[in-house]
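As a plain string of letters, each chain reads:
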Amino acid sequence: MDVLIVKDIEENYQAENGEITALKNISFSMKKGEFISIVGPSGCGKSTLLSIIAGLLRPTSGEVLVNGEKVDGVSPHIGYMLQKDNLLAWRSIYKNVLFGLEIRGQMEPENIARAERLLKTYGLYEFRDKYPYQLSGGMRQRVALIRTLAVNPDILLLDEAFSALDYQTRLTVTDDVYGILKQEQITTLMVTHDIPESISMGDRVVILSQRPATIKEILEIDFEDDARTPLSCRNSPKFSKYFEHIWKELKSDE
Amino acid sequence: MVLAWQIGILVFLTAAWEIAARVGLIDSFILSQPSRIWNTYVNMAQNDLLLHIGVTVYETLTGFLLGVVTGTILAVILWWSDFISKVSEPYLVVLNSLPKIALGPVIIILVGAGTEAIIFMALAISLIVTVLEMLNGFRSTDKEYIRMAATFGATKRQIFTKIVFPCNISTLFNSLKINIGLSLVGVIAGEFLVSKAGLGYLIVYGGQVFKLDLVMASVIILSVVAALMYEGVVLLQKLVMRWYGH
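Going line by line, the protein sequences match chains A and B.
Using the working numbering, read the first sequence as starting at 18 and increasing by one per residue.
Using the working numbering, read the second sequence as starting at 14 and increasing by one per residue.
Don't read these hints as lab results, they were simulated from the structure.
Here a beta-carbon is modelled for each residue, glycine too, at the ideal position from N, C-alpha and C.
There may be inaccurate statements among the hints.
Estimated spans, in silico, between C-beta atoms of each pair [to be verified]:
no., chain 1, residue 1, chain 2, residue 2, range
1, A, GLN227, B, LEU108, 47 to 57 Å
2, B, TYR243, A, ASP89, 47 to 57 Å
3, A, GLU125, B, LYS251, 32 to 42 Å
4, A, GLU125, B, GLU157, 20 to 30 Å
Pairs of lysine-lysine residues, derived as DSS-like cross-links and limited to a Cα-Cα distance of at most 27 Å, are as follows [stated by the list, open to error]:
no., chain 1, residue 1, chain 2, residue 2
5, A, LYS112, B, LYS251
6, A, LYS101, B, LYS156
7, B, LYS169, A, LYS112
8, A, LYS147, B, LYS175
9, B, LYS175, A, LYS101
10, A, LYS87, A, LYS199
11, A, LYS147, B, LYS156
12, B, LYS175, A, LYS112
So that you can see chain A by itself, here it is in the shape it has in the complex:
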């Protein structure tokens, strides 16, 4: 069954010089456990699409279905991770991780246990009484991810969630995150500017066009390696082929 169905999304908005169409004819679906990367030219509307899927923004037309239910307002089935970790400075790591559960009124023991388990898996449990300023950028981003996963979302949206990290940290964190997401079988949709990142993590890559953004292509990524990780697949000869393909598609818009 398709966990996520995006049907014919169109988004228009008013600007100074008239109505602008940001997204047009956006349709695709996702199965459980799938990882889809979305790439596209800057400003084409990738983040807008995520906001629509999360229910933060109502599209001009079209609909989004999660587990068969239409998304109407902020969806409780979706976890949305932003580019900045936005950990609350006055709360300990432990209390930060529970923030999402607090807001949703889901502070039951099994949910708290899940949050603690994730902290342990990421090796952050011993930092639980520390404060955000005491952690590095990579650690804070991992904490932000745990906060998002603690509410047990059916679908995880990553909005350039690793762009604020330095290059090496980014490689390590994405490798880490990929492992956890695949292990927990979390259906993930990731927007990124980083083409290699999109290939290394995605099962499929959605390539968007310039505004009005439509889907130019959905590229299947297959390294013929069940045990692939974001770092290991970069060694495959197929990697550069995929990169060239996507790069060509994006360039052809200019």
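Knowing the structure of chain A, use the given hints to seat chain B on it.
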């Protein structure tokens, strides 16, 4: 080292003042001198010194606390409702620019010449300042924090209690520090106008009957009281910050 200099300057100024008066360099009838001020204190201590200090402090703290609490509540309302906020904007600007002390005579006529009027003046002064400071603080809360909370479906109330307010605790304390001083100004001004007790009363009474020792003595006590109240707020801020775990 710094402390030594600070004490040294105090001792030096006091001594210089006393010597200048004894030698006749300054007229101690007009400017008083430390020894006469000391005698005044001894006299006052036997005659209601604590009462006068108490009155002023009571009026200040009451007006100040009422103003801050009411001001914060109003700021919350203005943050919550865009509409109310837009409607009241020009009124707030005017009220803020107006020196509230000018309202003194009006307040006295409205509320009667007494302690209530003085408390009201302190309230009026700290209220407007609090509203504007807190509202500004609320509005400049990091939008990314709020966006993050929105991704979890937070209600406006949750956004306020869990994000906007905690972010603005230090704004609140800065507001308190400013307001305690301003309220004291309002109280002294009120006591000048209409009062039978308090440090402001002593200052204006002493001035009217040419008991300058009394004036100087009261001014000095007032400075100490003002400093203590300010430090009280600073201490409170430290305690709260520690409890919040910054």
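Taking 27 Å as the top limit, are the C-alpha atoms of LYS147 of chain A and LYS175 of chain B close enough? holds, 19 Å
Restraint check for LYS175 of chain B with LYS101 of chain A, where alpha carbons must lie at most 27 Å apart: holds, 18 Å
That 47 to 57 Å hint for TYR243 of chain B and ASP89 of chain A (C-beta), does it hold up? Holds: the Cβ-Cβ distance is about 53 Å, inside 47 to 57 Å.
Sort out whether LYS112 of chain A lies within 27 Å of LYS175 of chain B, counting only the CA atoms. Answer holds: LYS175 of chain B to LYS112 of chain A is near 12 Å, not above 27 Å.
Does the Cβ distance between GLN227 of chain A and LEU108 of chain B fall inside 47 to 57 Å? holds, 51 Å
Holds or violated: 32 to 42 Å for the Cβ distance of GLU125 of chain A and LYS251 of chain B? At 37 Å between Cβs, range holds.
For a C-alpha distance cap of 27 Å, please report whether LYS147 of chain A and LYS156 of chain B respect it. Roughly 24 Å separates the two Cα atoms, so the pair holds.
GLU125 of chain A and GLU157 of chain B, beta-carbon distance inside 20 to 30 Å? 28 Å Cβ-Cβ, so the 20 to 30 Å window holds.
Assess, step by step, whether the Cα of LYS87 of chain A is no farther than 27 Å from the Cα of LYS199 of chain A, and give holds or violated. Holds, at about 26 Å.
LYS101 of chain A paired with LYS156 of chain B [C-alpha distance capped at 27 Å]: holds, 11 Å
27 Å limit on alpha-carbon distance, applied to hinted pair LYS169 of chain B and LYS112 of chain A: holds, 20 Å
Is the straight-line distance between the alpha-carbon of LYS112 of chain A and that of LYS251 of chain B 27 Å or less? holds, 22 Å
Checked against the numbered hints above, the structure violates none of them.
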